[in-house]
Amino acid sequence: MPWLSILMGVPVLGALAVAAVPKGNDRLAKQLTLAVSLVVLALTLAMAFQFDPAGPRDQFAEVYRWIPAFGVHYAVGVDGIALVLIALAVVLVPIVVLASWHDADRPDARRSVKTYFSLILVLEAMMIGVFAATDVFLFYVFFEAMLIPMYFMIGSYGGAQRSYAAVKFLLYSLFGGLLMLVAVIALYSMAGKNTFLFPELIGVIKDPTAQKWLFLGFFIAFAVKAPLWPFHTWLPDAAAQAPAGAAVLLVGVLDKVGTYGMLRFCLELFPDAAKFFTPLVITLSVIGIVYGAIVAIGQTDMKRLIAYTSISHFGFITMGVFAMTADAGAGATLYMVNHGFSTGALFLLAGFLIHRRGSHHISDYGGVQKVAPVLAGTFLVAGLSSLSLPGLSTFVSEFLVLIGTFERYAVPSIIALSGMVLAAVYILWMYQRMMTGPTAESVKALPDLNVREKIVIAPLVALLIGFGFFPKPLLDVINPAVKQTLTSVNVTPFAPAVPATAEKKGAGQ
Amino acid sequence: MEPAEIVQHSGGVIGASWLMIALPLLGAAILLLTGRRSDRAGHLLGVAMSLASFVVAVLVFFELIGLGADSRRRVVELYDFLPSGSLDVKMGLLLDPLSISFALLITGVGSLIHIYSIGYMAHDPNRRRFFAYLNLFVAAMLLLVLADNYLGLYIGWEGVGLASYLLIGFWQHKPSAAVAAKKAFIVNRVGDMGLALGIFVIFTTFGTISYAGTLPLAGNASTGTLTLISLALLLGACGKSAQVPLQSWLLDAMEGPTPVSALIHAATMVTAGVYLVVRSGAFFEGAPTAQLVVTIVGVVTLLAGAIIGTAKDDIKKALAGSTMSQIGYMMLAAGLGPAGYAVAIAHLIAHGFFKASMFLGAGSVMHAMNDEVNMRRYGGLASVMKITWITFGLGYLAIIGFPLLSGYWTKDGIIEAAMEHNQILGWLAVLGAGITGFYMSRLFFMTFHGRRRWEEGVHPHESPAVMTWPLIILSIGSVFGGAFLILGNRMFEFLAPAVGRPEEAPTVHAISTIGLVTLAVVAVGAVYAWLRYGRAAVPEVAPRGSFLTTFARRDLYGDALNEALFMRPGQWLTRIAVFFDNRGIDGLVNGLAAAIGGTSGRLRRVQTGFVRSYALSIFFGAALLVGAWFVVGNL
Amino acid sequence: MTTHYLVLSALLFAIGGIGVLVRRNAIVVFMCVELMLNACNLAFVAFARQHGNLQGQIIAFFVMVVAAAEVVVGLAIIVTIFRTRRSASVDDANLLKY
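Protein chains in written order, with my numbering: chain A, 389 to 897; chain B, 938 to 1572; chain C, 19 to 116.
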């Protein structure tokens, strides 16, 4: 059964159907979108249960010739890493759809309501495609095509500065994407195998100089996407101007393509170059962790604040990817998933608040806890997940990244530890300013979460807590894939200084 | 002697010991999820869960006692928590004398405080939420002490931090409470960094982070590594236990409801640092430098806390200073190695009783005085609140080390052990005992004796039975607990399988030279306090006081120091970073965009609209091409 | 022999080119363009004659067709401009600019 093609086909057909809904029947369009996204979720779960972690690398693989003259294939397949990221995307989409129920109804939106929802479905298909692609060219096509629906979602339904934000987002991404295109073509011609199929390109480029240049081409594209410091300034603008749902998909899933690409393409295709550039990348990551957190502390706009926290978190992910240890790699992959849930919850709750009060500014709130305890409580849980409180899934990933990095690079890991303290500062200070203290006059009548909003938040909180205490199901899927990646990179595995099997000193004396 | 070996265990009550954690956790979950629907009976559920956990702890304790002394370290495997590349953490519980002592203290004193809170929080609209947080705290604290690996400890460690955050900020509408809660969490996070770092080094050294896989092998690691591990763990301990230099949060934490101060910020959570040091004893014993640092931290804190306690007029803050100081004693003892572990834990348990009793007593007083905390507005309460007066008085006598009461045995044990180890430490500890005698007497006399200095319209009355019974039970513990634990080396023998034992067991004297000297010093402090605050009239408004008084009132300028060293530079850094991000990086990006835009603006002027100028440029273009062709053609 | 034709062709082309550059009247500019095209035609035909094949002749026909098409479109535009502007000067039709 061509699982992955079906997974992409269903949302595309759904998008067409939603677009065909007659004008003025927005409710039907929304319900249809929700139904389609739930079907995709169900299909993905059905597929995931057939996934064999111990099995071959690319499962559910499909390979068809697409442009034979250039050896371009429509080739899809998933390993553990891709599977969990696809799962992240398809879990988030129905949640986002339900959360954005009224986001596109705004009078200043430039396009119709049904367009917004069909764009979400198109985006979903592309998100699945980009993680499933096992052909470098196909990956590139999805990588760039994803920009289109997101551009319209920001530009047509966003806040006051949406045009600026959308164009900035597009130009930044295109800049990176074009560098990647050059690298893709160069990779194709230098490999000389007349194919873009990823598995056949592993280990083909041997020349160190060529590896370095190609690595840079890919890496800069991914670093812009992720975003890694100092390529990050588009994210706060885009995330702050996008409607909350789009911001969730943007930061939660789209940006993960960057870190996913680093793990998959940069590391495996150009292992020597990756090792060469590791000190640089780790330095940038650590700067990003600390810098993002410090700038987040200074924000007055809650969506911008959340965006900057993400920059800090992406620093952790890239650090974990380039630490090249099994623990850090698994941690980084897990981090991508958990960060999607955690930041997703934060953005959605911020969206609910903004929808109620009509302001992004932290200072316009105060004492919300008293009038809307459920809203404040879930906001606190989401915030705590952002500061990686143990017992929530984000902690597991952050801990793995830090301990895995520590195995090889102790100093960066220790500096990154300070991100823990800074995270506590930005989250709790925001919470203090918005939720505690005397209730501000303007929020006295703020309603608590309604049933729809509770349904939106409940699964995210459940996932955060559930995987916080029992991350094994995810790790079992991720571990073999990460191990496989590290095998391609050929790094020496970690060994403790005092192995447990060693004789006890002084025993028997 | 080395500690006993850790063995796997299944079945029996010990096998079901996870219920200890699960029950209060379930209670917290139910109370939080059902919302207002469980407002009416929520507190009862909270108490029931805590009591049930206590019952399990008692049963486990007796089953453990039933095993031979050398097989009292049992691990109960729960599940595979974190299987990763080289890190593979299996979550399990370690039941040994050390952990069960803590579990009994936490669930026992915890249950009493739960019961007390029924009365104390009776009029609070959010009482259900309060009990949910208390239950959450009990669960997290039990995980902290029962986990069989450092990651489990870390989860509990931050879990209690969360509970502490939620409970300090329980009255969120007060900005001071919200700020105090945040401060506590952040300062604790600084300590947690240390703990995390310690775990990292442990992992890279031993390849695992379970106690069973690391502690017995500690001798294999180099002294440098062990020192690094120990100091990192100590940083964590300092944060959680409010030891210098991370002490500043504890005094502010008194913003929370009084039962919270009693349970979390006196009896249990703040002692977690001592637990960590004792539990990781194998690392510390291999790192004499780290042990020295532990004792220094302990002594500095015990003096700092005592000095702060002398100047506070807020009854809870005075008690908080005292808590700091007493934990300083425990830390000092824990830094002495196996010779001090037992007495540290004994003092910890005794302190759990008498300090909880006094905090709850203070709560009872506040309850009677319309939530007044200023002791200068108390006075003469002995006659109107008999039970509170007696129970508080017993706690007071216990803490200053009145002969034969708890503190007498345990604190003297610490002072003697310290004296044997290092004379300077010992004498400083004696000095601390003297100051304790002074500030506790001051607190006691100002509150219960002397002239009535009440605000108008305050009519104090004794608290209801649901509040006084816990006081009575706790004061019984504070009277006899110390003697029970110390006489016959009971605590020492009991803990030996878990923490090891030194070459020779300490001898217990009912009367010793050092004990007599200590008593004399304490008496001087107490009498001086009586002269100033018992016999003489206490002014209702605090006098300006000397330089030293101001020094103590301002918490030894700890907050000022933090503000000058971290907060202000931090604010500047934040501002600079935001400015740099907006003007620097984003400025560069936008500047590039503007430059491209500007250039195009200039260039498009070429497009004049006059056909002839276009024709001219075509002509030149053609001429250029032809010329180029000629040049190239000639080459 | 061919040289004379080519010189004539070049002269005609130059006259046409200068006319396009310096004249303002759209009709005259237009005529000058035609002159340049026909200068090319002359060169084509001369070369065809020299090489003794028909390719140049055929191209000349193509050019004529292009010229005819140009006349149709160009004159129509000029007439329209003249109607709206009351002028046939190319400098008056300068709206299509920056």
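Treat the hints as calculated values from the structure; they're not laboratory data. Check before you lean on any hint, since a few could be wrong.
With a straight-line Cα cutoff of 30 Å, these simulated DSSO-like cross-link-like pairs (lysine-lysine) come out [to be verified]: (1) A/Lys-594 - A/Lys-871; (2) A/Lys-758 - B/Lys-1120; (3) A/Lys-832 - B/Lys-1120.
Verification of the supplied hints:
Between the alpha carbons of A/Lys-594 and A/Lys-871 the distance comes to roughly 22 Å, so the proposed pair stays at or under 30 Å and holds. Proximity of A/Lys-758 to B/Lys-1120 is assessed by CA-CA distance (about 21 Å); at most 30 Å being required, the pair is judged to hold. Distance hint between A/Lys-832 and B/Lys-1120 is fulfilled; the C-alpha atoms sit about 27 Å from each other, no more than 30 Å.
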